[in-house]
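Student: Protein sequences appear in the order of chains E and R.
Everything in the first sequence is counted per the working numbering, starting at 1 for the first residue and increasing by one.
Everything in the second sequence is counted per the working numbering, starting at 1 for the first residue and increasing by one.
These are computed hints drawn from the structure, not numbers from a lab.
Some hints here could point you the wrong way.
Simulated pairs of lysine to any residue, SDA-like, Cα-Cα distance not exceeding 20 Å [to be verified]:
| hint | chain 1 | residue 1 | chain 2 | residue 2 |
| --- | --- | --- | --- | --- |
| 1 | R | K20 | R | V113 |
| 2 | E | K3 | R | S43 |
| 3 | E | K3 | R | R37 |
| 4 | R | K55 | E | N93 |
| 5 | E | K3 | R | E102 |
| 6 | R | K41 | E | N57 |
| 7 | E | K3 | R | K20 |
| 8 | E | K3 | R | T101 |
| 9 | R | K20 | R | L76 |
| 10 | R | K41 | E | N93 |
| 11 | R | K64 | E | I64 |
| 12 | E | K3 | R | V113 |
These numbers were taken from a predicted model, which means no experiment stands behind them.
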Amino acid sequence: DAKTTQPNSMESNEEEPVHLPCNHSTISGTDYIHWYRQLPSQGPEYVIHGLTSNVNNRMASLAIAEDRKSSTLILHRATLRDAAVYYCIVQRNQFYFGTGTSLTVIP
Amino acid sequence: GAVVSQHPSRVICKSGTSVKIECRSLDFQATTMFWYRQFPKQSLMLMATSNEGSKATYEQGVEKDKFLINHASLTLSTLTVTSAHPEDSSFYICSALTGGTEAFFGQGTRLTVV
Numbered sequence: 001d002a003k004t005t006q007p008n009s010m011e012s013n014e015e016e017p018v019h020l021p022c023n024h025s026t027i028s029g030t031d032y033i034h035w036y037r038q039l040p041s042q043g044p045e046y047v048i049h050g051l052t053s054n055v056n057n058r059m060a061s062l063a064i065a066e067d068r069k070s071s072t073l074i075l076h077r078a079t080l081r082d083a084a085v086y087y088c089i090v091q092r093n094q095f096y097f098g099t100g101t102s103l104t105v106i107p
Numbered sequence: 001g002a003v004v005s006q007h008p009s010r011v012i013c014k015s016g017t018s019v020k021i022e023c024r025s026l027d028f029q030a031t032t033m034f035w036y037r038q039f040p041k042q043s044l045m046l047m048a049t050s051n052e053g054s055k056a057t058y059e060q061g062v063e064k065d066k067f068l069i070n071h072a073s074l075t076l077s078t079l080t081v082t083s084a085h086p087e088d089s090s091f092y093i094c095s096a097l098t099g100g101t102e103a104f105f106g107q108g109t110r111l112t113v114v
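Here chain E stands alone, though its shape is the one from the complex:
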């Protein structure tokens, strides 16, 4: 399965947009890109997923590069409840988690 690379941590001011990057240069044509987030002592929460086209849902937007070697999760207006570890996963069969990005939201 393709390896993902994310920054260890990021900060954002409350009510500002946040762009969380993910590199997955070894992705294959049929691999899906998933984003999950996790709060301490909880299971991961589904955020969004996509294959080739950009995706929007009530939580976030997913922008996928044309060559699919990278993607960006966009939180349009960060709130304090968005503070979490965000994981980008490239799924072929299993869901392997990388180190994720710890997002801090500053009031």
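Model the placement of chain R on the given structure of chain E, informed by the hints.
Tutor: Positioned in the frame of chain E, the structure of chain R alone reads:
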């Protein structure tokens, strides 16, 4: 989204005993479920893939005789930690796959072996 329920949420057991953790998909059928372990301040580590009606596939380095997985129905998978020792203390998380591309996670089980 779909709901996956894990039980118990916390368990404390004595060293040498066995502990069973249940993972249920409440509103969908899951032919595939995954089991993870997470140590403090670390990411989730995939332990095994559980397929309904067949043997689980374990990741390299995971002892299949110690971590017994049973996926007897389309809505239930169980993980039994046999002869638990303090080093098995961890946060265990399951997930269930729906539609082949979406996985939903349980709330996790905190296992403490004393």
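Student: Could you grab the alpha-carbon distance between K55/R and N93/E and see if it respects the 20 Å cut-off?
Tutor: OK: K55/R and N93/E at ~16 Å, within 20 Å.
Student: Given the proposed pairing of K3/E with K20/R, does the C-alpha separation stay at or below 20 Å?
Tutor: With Cα atoms ~32 Å apart, K3/E and K20/R exceed 20 Å; violated.
Student: For a C-alpha distance cap of 20 Å, please report whether K3/E and R37/R respect it.
Tutor: Cα-Cα ~19 Å, so holds.
Student: Hinted pair, alpha-carbon criterion (20 Å max): K3/E, V113/R. Please report holds or violated.
Tutor: violated, 33 Å
Student: Is it true that the CA of K3/E sits at most 20 Å from the CA of S43/R?
Tutor: Roughly 14 Å separates the two Cα atoms, so the pair holds.
Student: Decide if the proposed pair is consistent with the structure: K20/R and L76/R, CA atoms, cutoff 20 Å inclusive.
Tutor: With Cα atoms ~12 Å apart, K20/R and L76/R stay inside 20 Å; holds.
Student: For the pair supplied as a hint, K20/R and V113/R, confirm whether the alpha-carbon distance does not exceed 20 Å.
Tutor: holds, 13 Å
Student: Regarding the pair K3/E and T101/R, is the alpha-carbon distance no greater than 20 Å?
Tutor: holds, 18 Å
Student: Straight-line Cα separation of K41/R and N93/E no greater than 20 Å?
Tutor: Violated, at roughly 26 Å.
Student: When you check the alpha-carbon spacing of K41/R and N57/E, does it fall within 20 Å?
Tutor: violated, 29 Å
Student: Between the alpha carbons of K3/E and E102/R, is the straight-line distance 20 Å or under?
Tutor: holds, 19 Å
Student: Would you mind confirming whether the straight-line C-alpha gap from K64/R to I64/E stays at or under 20 Å?
Tutor: Not OK: K64/R and I64/E at ~38 Å, beyond 20 Å, violated.
Of the numbered hints given earlier, the model fails hints 6, 7, 10, 11, 12; all others are met.
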